[in-house]
Amino acid sequence: MIRRGCRSVLFGMAFTVLLGCGNSGSSGPSGPSGPSGPNVLAITVNPASAALCTFANALCTHVTICQPGTSNCQTIADVLVDTGSSGLRIFASTLTVTLPSSTMGECLYFGSGTDWGRVQSADVVLGGEPAVFVPIHVIDPTFAGQYTSGGQAATNICGVAVVDSSPSQVGFNGILGVGLFPFDSGFYYNCASLPCTAVAVAPSQQIQNPVGLLPVDNNGVILTLPSVPASGSPAVTGSLILGIGTASNNQPSGVTVLPTNSSGQIVTRFHPSPGISTQNVGIIDSGSSVLFFSDASLSIPLCPGSLSFLYCPAAPLSFSAANTELSGIPSSLVSFQIVDPRPLLQSGNAAIRNIGGPAFSPGVFDWGLPFFFGRTVYVGLSGQTSVLGTGPFWAY
Amino acid sequence: MTHRRALELALAFSLILIIDLPRTWAALGEPASSVETDRVALAGHVSMTTAPLYTIQEITTSELVVREYVSRDTVFAVAWTGRRPPNLVSLFGSYFQEYLEAATAAASGPRMRGMIHLQGPHVVVETGGHPGDIRGRAYLPSLLPSGMTKEMIQ
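Protein chains in written order, with this note's numbering: chain G, 1 to 396; chain Z, 1001 to 1154.
The hints are simulated quantities; they were obtained by calculation from the structure and are not laboratory data. Beta carbons are placed, not taken as given, at the ideal position from N, Cα and C, and that holds for glycine. Heads up, some of the hints might be wrong.
To be verified - Derived coverage of chain Z by chain G (criterion: at least 3 residues anywhere in the stretch with Cβ under 8 angstroms from a Cβ of chain G; other residues may be distant):
no.	region
1	1070 to 1078
2	1096 to 1107
3	1112 to 1120
With the hints as extra help, turn the sequences into a complete structure.
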């Protein structure tokens, strides 16, 4: 009862904070032609004047974090929007609000990095939605003495070379995981005394996808981004809409629904050349900066130096791949191009649609952010039902 | 309640073993017999596949699968997939320092996300996946049997 009362007060307060923060470039609906409402967050590649979220295809938004049950809130910009993970993660060095203390730590492994830090509860406000009380990951390499402030191993509880160390190192203030699942697949540790020990944690204490806790718009999200030309764009702005079919601004029409397996995967049949089709595990991940795919029949040159994870073909290459449900039906053919990205990157364009690299694991096809340009993509939260069916599913 | 506590303690204890005894593991560049040390450290079971150019010793646990590729009695490549990576300090052995240096250089500033390709003087490390399905592989290019490509390591 008390908490409910706090919530409605907090909603009003937090909304005031949002409107009052003066960050008009990244707050509120995406413009006159885009959807608007309390369930809409602006999402931007390369937001104007931002010092962070400036690397290629970094899709970011802002969130508000409050000390639970209070109006002591902080709006945090430059938070990566990630359909490949679940839960909110913010660097401790970015946080100015005080959250309830905690001795629980978490290792969360991404494909290209690892986050270590405390698990702390916060009131999280997405757009103009009511605040949700949820455990978040406060990224801090030095928590419990595991890593140096630069992310180098000390005790090295996560067992990796380095962990993400700071906003300036990774290029964003945090990650908003709005993926297919309510929980985050992390590894939890009790660090009340050292050494930290692995613990099984009750679901309510785990880091959770805040979308699933919203009162109404809780069955998934929609990402909509404008298309970009083959030469790229300096910046693009779109919308992250909360809920599927729960409001007038999130009613789907004419989409293909692709239910996933329990790991959030579909089948992607890649056609590297006419007449050839290879089956891959398909994932749709706004947090991956490019399209990652491989095929034994391909011999596309890699870029030199620090871009060696990207393809640098001598001339533009055109491909297609069909995304299907595990059963093979329905199927949706997607065409794409891969070009030498160096001129585009050197031009200062941050939104690039025709950029790709090899999937070191030949069986994986990772539809990174380029897939989202010019599309509206629906993320059906696992266990929740909408007009498109019960999650987990992708639809577009 | 008691059972749950016991389970938690057991889980915690098993993790401590893995974390505190990393250097008892086998590693990249070491003899095939060292795979058994990994199996014990991971508390997994091993199955073996023989291909013309190499053998694969696959260690399976509840959290991950590690494949060690052996030729001329040497582990020349490792690959993993699962909810988490194996302890790379242990698995890479003397090559961990090379990996650390390459990873540190790559982490010196913002970079595109998704998959990582790191190259040291003697070892190549590639990682990818997403939370809940983490994948990676590492190999020693100079020890790859002739006729084998890195795509075969998965």
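Results of checking the hints against the structure:
no., hint, verdict
1, 1070 to 1078, "violated (count 0)"
2, 1096 to 1107, "holds (count 7)"
3, 1112 to 1120, "holds (count 7)"
Checked against the numbered hints above, the structure breaks only hint 1 and satisfies the rest.
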